[in-house]
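A.B. asks: Each chain is listed here by its residues.
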Amino acid sequence: MSNKSCCLFILPISIMAIFSINACNAIEKIPVSLADGLTLPELLSSNVELSNVDELSKLIKEPWYSEIVVKNNSGHKLSLSSCEDYFIGSSLETRTVKQYEMNAYLELKVMCEASKLMLSAKLSKLSYLPIPILKESSPDFWPKQLSFITSSAESKRSNQNPELKYWSDVTPITSFKKNSESSFTYYHIGGYQEVGIIGRGDLNNDEIEDLIVVIRDHVSNGSYFNMRLLVLSVDNQQRWSLISEY
Amino acid sequence: MITATERATLKAKLENHEGKVNHMYLDSKGYVTVGVGHLIKDLASAQKLNFKKTNGLSATKDDIKSDFESVKKQLKNRVSSYYKRFVSLKLLNTEIDALTKKHIDSFENELKSLFPSFTTYPTEVRLAFSDIIFNVGMTDLNTKWPNFKKAIKSQDWETAANESNRKLPVSAERNKYVKNLLLKAAADKKKREEAKKMKVQNEQ
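Residue numbers (our numbering), protein chains in the order written: chain A, 1 to 246; chain B, 247 to 450.
Quick caveat, the hints were computed from the structure, so don't treat them as lab data.
Hints may be right or wrong, so weigh each one.
Stated by the list, open to error - With a straight-line Cα cutoff of 25 Å, these simulated PhoX-like cross-link-like pairs (lysine-lysine) come out: (1) A/K77 to B/K319; (2) B/K422 to A/K77; (3) A/K177 to B/K318; (4) A/K156 to B/K318; (5) B/K257 to B/K348; (6) A/K156 to B/K396; (7) B/K347 to A/K98; (8) A/K178 to B/K319; (9) A/K165 to B/K413; (10) B/K413 to A/K98; (11) A/K71 to B/K425.
Given only the sequences and the hints, what does the whole structure look like? Please build it.
C.D. replies: Listed below in structure tokens is the structure:
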């Protein structure tokens, strides 16, 4: 066979092979997906429809429904009015100048962080996430970092206690309410926790689908409120672990 | 009984932490709220409050219903000023202060039922304790703070100070305020005990 005829034969096969590999990947890979828990569009000054993850990059630049004045550790004050402002000007120590605006700030902060996280999520090859993800028994399997403790000293003790493994070991759940497939409320003595699914995607580069959730911690008869963003992973043995917390 | 000075300090602290809002808004739980974090549990409770119209006249039950329902259907946990556009009624400062007084009274009664010696504690302890209770609530404190509770009951203010820290997002400043109050109570107690010991030694 001449060189020319060889190329004529091999090239189409190579192209076909490349296409078939890509097609295989396209079928195998699980796309990053959003759920109802991501409420950034509702927090913006104008109504914005969100149909896919990529559109989040635009929302990050959109103005919030209200600006919030914050101060950094140094006492330096600045006004934030979009996620973009937040990413540039905020740190872990940033607090609102008006203490009573902290809860509203947390709502904006967590949703900005969630959007950034979703934009960084990658396609997954495998998923061990159960169907449905949220259920009555979730606190019996999810890691103890999801538990709700307002005291720093008690929280430290709980973290150091190896016998406490799961969320319900630390915060025994007394009842629950299913708000939707992606939102449950778990009640305990002294308060309740609202868990919402933000989305799914690979966030630790192991090609296994991870879960991004938001938790709103409430106390009964008190003003304490916290909002946390967590990335969870589950393996083929249905063992859940915490990858990161924001 | 909380003294007038303690009451004034608590009121100022509450206004700083909760804000003082003269119109209805939604809190982080989605409850309609007014004043200094005063929760309005239902429409009937809202209609018992003396809301005023912009012209200064008292609002009717229908006016209050309109504001209450308008706020109720909004999204929760936004800055309180956001809800201003959905309401037309206001609560006077005197009314807000009266609600705050009732709020402090009810917390004091709860504290006394859980800690019968509460009224005998030093001012600093009463202020520190009240700050925590307003924040985390009586049930959380009673069930999830065993070491702090034990320290308070045994009047070990130093241990109570070390157990008083609340987790984020409670500010370091607020935690420090409470801790310092308890540490001052511990130092005062120590001074009193030493003075008593000295007196006994001198008498011998």
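A.B. asks: Against each hint, give a clear statement of whether it holds in the structure.
C.D. replies: Do the hints match the structure? See the list:
1. Pair hint A/K77 plus B/K319 does not hold up; C-alpha atoms about 33 Å apart against a cutoff of 25 Å.
2. This hinted pair checks out: B/K422 and A/K77 have alpha carbons roughly 21 Å apart, not beyond 25 Å.
3. For the given pair, A/K177 sits about 20 Å from B/K318 by alpha-carbon distance, which is consistent with the 25 Å threshold.
4. Taking the CA atoms of A/K156 and B/K318, the gap is near 38 Å; set against the 25 Å cutoff, the hint is violated.
5. Of the pairs offered as hints, the one joining B/K257 and B/K348 holds, with about 11 Å between alpha carbons and a cut-off of 25 Å not exceeded.
6. Proposed proximity of A/K156 and B/K396 is supported: the alpha carbons are some 18 Å apart, at most 25 Å.
7. At roughly 22 Å between alpha-carbon atoms, B/K347 and A/K98 fall within 25 Å of each other, so this suggested pair holds.
8. Between A/K178 and B/K319 the alpha-carbon distance is near 20 Å, which keeps this suggested pair within the 25 Å criterion.
9. Simply put, A/K165 and B/K413 have alpha-carbon atoms about 20 Å apart, close enough for the 25 Å limit, and the pair holds.
10. Between B/K413 and A/K98, the direct Cα distance comes to roughly 19 Å. Compliance with the 25 Å bound is thereby established for this hinted pair.
11. For the hint linking A/K71 to B/K425, the alpha-carbon distance of about 23 Å falls within 25 Å, and the restraint holds.
Hints 1, 4 from the list above are not met by this structure, while the remaining hints are.
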